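Student: Chain residues, written in single-letter form:
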Amino acid sequence: MIRLDNVSKVYRTERVETLALDNVNLEVEAGEFLAVMGPSGCGKSTLLNLMGLLDEPTDGGVALDGEPIERYRDTRLARLRNQKLGFVFQQFHLIPDLSVTDNVEIPLLYRRLSNRERRRRALAALERVGLSSRVHHFPTQLSGGQQQRVAIARAIVGGPKVILADEPTGNLDSQMGDEVMEILEELNRDGATVVMVTHDARLAERTHRTVRLFDGRQVH
Amino acid sequence: MLRSYLKLAFKVLWRRKFFTAISLFGISLTLVVLLVVTALFDHAFAPHAPETRLDRTLGIYTLGLRGPQASSSGSPGYGFLDRYARDLPGAERMAIYSVQQRAISYVGGRKLVSWLKRTDGDFWKILDFSFVEGGPFTAEDEAERHFVAVINESTRDRFFGHLGEGGPSGKGATAVGKTITLDGQRFRVVGVVEDVPFLRFSPFADVWVPISTYRSSGYRHQLRGGFQALVLAKSKASMPLIREELQSRLADVQFPDPREFDHAYTGAETELEAISRIMFSDTMERAHPGRLLAILVTMALLFMVLPAVNLVNLNLSRILERGGEIGVRKAFGGSSRELVGQFLVENVVVTLLGGALAVGLSVLVLDAIQASGVIPYAHLDLNLRIFAWGLGLTLFFGVLSGVYPAWKMARMHPVDALRGRSS
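As they're listed, the protein sequences go chains A and B.
Numbering that gives the first Met the number 0 numbers the first residue of the first sequence as 0 and each following residue consecutively.
Numbering that gives the first Met the number 0 numbers the first residue of the second sequence as 0 and each following residue consecutively.
Okay, chain A solo, but in the shape it has when bound (with noise of 0.2 angstroms):
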């Protein structure tokens, strides 16, 4: 599903040059359920960037479905992202002034759907996530763990093949971790490939493979 070919990235600034990720081989099989972990720093979200095409390497290549990942043009790496690929970010980045509903349907709205199909998929996917009775609710009304689950709707909404998600349980409790962690399970057991970077074992125990990193190495 994803393939990283002696991917390297390398940040530049004026005074200081950066190896964020050296010479990584990675593939990413449909349906898989993959951890990334290491420690602060070694590259697991630039690694998660690379795969959701949200940055590009210095050197090597990505492939997508298949499909080979090279200069793509803003338009179409924006298609592809909107297509085939959901985010769950650690900070939820969840829009405050849009109420949860309108958060949800923000992938949808860079699709042909009428503003009806939009609400009926968007309330689906709070339902999947079991947030049915806060679909009016803003952002801050909501408990850290219900905005994870928000975010996952939104993630989901557009029924992408692929699910990103950079420490999901980072900022939540131990016990709405574990329910955003079934909630990944259950995506995952319907078909979704899902990348999880973690900095919690007991988490990527229950994932089917864990990926190390060591400043900016594969380290097995």
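Derived from the structure by calculation, the hints contain no laboratory data.
Every value quoted in this text rests on a predicted model; they were computed, and no experiment measured them.
Do not rely on the hints blindly, as some may be mistaken.
[Said to hold, decoys possible] Anything over 12 angstroms on all C-beta distances counts as not near chain A; from chain B, calculated: (1) Leu23; (2) Gln100; (3) Phe197; (4) Ser215; (5) Val311; (6) Gly391.
[Stated by the list, open to error] Label-pair restraints from in silico Cβ distances: (7) Val296/B x Leu112/A: 40 to 46 angstroms; (8) Glu320/B x Asp177/A: 48 to 54 angstroms; (9) Arg15/B x Leu112/A: 27 to 33 angstroms; (10) Ser316/B x Gly40/A: 26 to 32 angstroms; (11) Pro67/A x Ile21/B: 47 to 53 angstroms; (12) Leu112/A x Ser316/B: 32 to 38 angstroms; (13) Ser131/A x Val296/B: 52 to 58 angstroms; (14) Leu198/B x Leu112/A: 54 to 60 angstroms; (15) Gly40/A x Ile21/B: 37 to 43 angstroms; (16) Leu112/A x Leu360/B: 52 to 58 angstroms; (17) Leu198/B x Asn114/A: 48 to 54 angstroms.
[To be verified] If the Cβ cut is set under 8 angstroms, some of the chain A residues that face chain B in the computed set are: (18) Asp54; (19) Ile94; (20) Asp96.
For glycine and all other residues, C-beta sits at the position ideal for the given N, C-alpha and C.
Keeping the supplied structure of chain A fixed, place chain B upon it in accordance with the hints.
Tutor: Structure of chain B alone, referenced to chain A:
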């Protein structure tokens, strides 16, 4: 998608009330000035009664004379217009009228000063005056030297107000059939028209009387001085023909003293062309009405640039605040182009609100200008045409001040945006 953008735009504006208030203040102040200027321009140059046929009306406002030793220019004389500007091919009618002059009257011991214009009968057929009493004098009145007059409502109130039934202000008196005396000449009032604004140079006056009522008939032969003409073309298409024919007739002009002047130049021109020629001291052969419009548009643009830059700065300062949203939208499929569209919509919404505010304030400002009497007989209001201009200016302002911040926001790298740092 647009509904979602609009919903978010209003919520963002409501959330940042101080920012919104500053933006609206700047936008509305700018647009008020532009709307007032547009209203004044419209008041002076757009088709309004009595100049309802401006699209096919030409004027002969200036006649220049050149000779071996000297040259001079000013308004044409009756003799020139009568002999060389009548029956131009393509013209439906032609009217000759004098440049307005002050005339003195004494009513009940009070000295009254009126603007007096002498016209022929066709003047009333080319121009579309609104009569509130009686009607115009005719070509026959002019030919027979009848001492008749058309006056405006203000003049009626000044002369006959104390006889009327309109209460303490004296307004509402009738005037037709009564006489007025101007510069010692008595005229019988045959019609009363609504006041004509001062900025409508051709029709403007307080009192209109036949040309033939001049004390002397010496004007009839003069090449230069004191008169102008309006030529109503049969259609817009025939206007070039009128201009060309008038030019060709200049070769036939007979000069009383060829040693002084032996060459005449003039032109049939629109009011805008005439104003432009006067403003830029252009010759009749080289008038550039486009330059006047270009200068006005440039001034309007420059006037808009400062507040636009201010709004640009305010918008730019908010990029980081909305970094998370930009990152999320990009991550979930929003392209840079779509994000530019979203932020432009937001900016246009705020400028449209400012525009609505400006329309209300402009009405108050125009009322104040009108009440002050700075422009005699001005009827300043925001008609549909000015409203359309205002809407156009507002949208232009919205796009002008929104494009750069929107582009800057949309160009943010999604990873940077999600981390809340600018690229």
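Student: Tell me, which hint numbers fail for this structure?
Tutor: 8 and 16
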